[in-house]
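Chemist: Here is what each chain is made of, one letter per residue.
Number of protein chains: 2
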Amino acid sequence: MPLFFVTGNAGKLRELQSVIDGVQQLDLDLPEIQALDAEVIIRAKLAEARRQRPEVELIVEDTSLHLHCLNGLPGPLIKWFLKTIGADGLHELAQRLGNDRAEARTFIGHADAAGEVTFFEGSVSGRIVSPRGGGGFGWDQVFQPDGHDKTFAEMTPDEKNTISMRRIAIEKFRAYRKTLLRT
Amino acid sequence: MPLFFVTGNAGKLRELQSVIDGVQQLDLDLPEIQALDAEVIIRAKLAEARRQRPEVELIVEDTSLHLHCLNGLPGPLIKWFLKTIGADGLHELAQRLGNDRAEARTFIGHADAAGEVTFFEGSVSGRIVSPRGGGGFGWDQVFQPDGHDKTFAEMTPDEKNTISMRRIAIEKFRAYRKTLLRT
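Protein chains in written order, with the numbering used here: chain Z, 1 to 183; chain G, 1 to 183.
With the rest of the complex left out, here is chain Z (with noise of 0.2 Å):
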């Protein structure tokens, strides 16, 4: 049975067609909900994208970016900060603030045929740091996981994706579909 992955970033789909057999792309452009928890953006979406592609297995994720300096935000409304301030901006916010500690997060929310609805977390912690490396997207330039000294814009995509949030993320998803499969 195939697996959906909605989304339109090729580059997040290649990660998960890597690790996970099975699965094809879902290209809807679904509206984003606000909300400072993933799972509530993610819930809808899925039952979006179920009116749209009923009885079919599907996934969504979301990944966040949580400062320390502002209690968490902007969390899933990273995209509006890049946006507006820029990857830099981020890192001017965190030093102004006095504090560049920050969670990186990403969560998969896996809809089964039936519609039932199950999420898998990953969490990275590491610092705002001041722009640097040319790979990546986002705030890639900005974020330098702890016990490393390169941002994620500093690594190559493999050393990248051993370690991400959404790596940890899609090896939890691939343990419980191995029993789901199983069973």
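Calculated from the structure, these hints are not laboratory results. Predicted model only: the values in this text are computed from it and were never measured. Heads up, some of the hints might be wrong.
Stated by the list, open to error - Below, computed lysine to aspartate or glutamate pairings styled on DMTMM-like, alpha-carbon distance capped at 20 Å:
#1 Z:Lys83 x G:Glu57
#2 Z:Lys79 x G:Glu57
#3 Z:Lys83 x G:Asp158
#4 G:Lys79 x Z:Glu39
#5 Z:Lys83 x G:Glu32
#6 Z:Lys79 x G:Glu39
#7 G:Lys83 x Z:Asp21
#8 G:Lys178 x G:Asp37
Following the hints, complete the assembly by docking chain G onto the known chain Z.
Modeler: Okay, now just chain G, sitting in the frame of chain Z:
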């Protein structure tokens, strides 16, 4: 013909009813989509409201706060800033970033019975100040409109309603509706 105002907010309802005749509340809890453009958010809400109540005249409003120090953020996302860092957090942010200028904006979106949408905007410039006053709600305590020595929260409801961005938008809508009813 009744005009339905989609809102759960009794204060906003009263303010509109005091200016426009025949306004009735439609208390639907509609999800807000993520966007920095209030018109995009309002259009989505009007479309959903029309699905639930077709062929009636509807209005939806959105009030946003734009900080110069954050290139216009949070805008319509202000609700999430209040939930995480609070009104005093907004003030601290403006202080630390060295720019206290802000704009408060209200957009009213009106859908006629055929679904044609028209927008009305009201805007007030001011400063983000240290919290003062016990009235109002949300960020009223930290917003001091230009040309006044009180924050919105230090004004009586009548004082605030005379000069507010919401009132400006409502007056534009009233003028529009008058011509509409005359034709």
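Chemist: For each hint, tell me whether it holds in the structure or not.
Modeler: Structure-based check of each hint:
1. This hinted pair does not check out: Lys83 (chain Z) and Glu57 (chain G) have alpha carbons roughly 34 Å apart, beyond 20 Å.
2. With a C-alpha separation of about 34 Å, the suggested pair Lys79 (chain Z) and Glu57 (chain G) falls outside the 20 Å cut-off, and the hint is violated.
3. Of the supplied pair hints, the one linking Lys83 (chain Z) and Asp158 (chain G) is violated, its CA atoms being roughly 37 Å apart against a limit of 20 Å.
4. With a C-alpha separation of about 18 Å, the suggested pair Lys79 (chain G) and Glu39 (chain Z) falls inside the 20 Å cut-off, and the hint holds.
5. Of the pairs offered as hints, the one joining Lys83 (chain Z) and Glu32 (chain G) holds, with about 19 Å between alpha carbons and a cut-off of 20 Å not exceeded.
6. The suggested pairing of Lys79 (chain Z) with Glu39 (chain G) holds, with an alpha-carbon distance near 18 Å, which does not exceed 20 Å.
7. As the CA atoms of Lys83 (chain G) and Asp21 (chain Z) are separated by approximately 41 Å, the hinted pair breaks the 20 Å bound.
8. About 27 Å separates the Cα atoms of Lys178 (chain G) and Asp37 (chain G), which puts this hinted pair outside 20 Å; it is violated.
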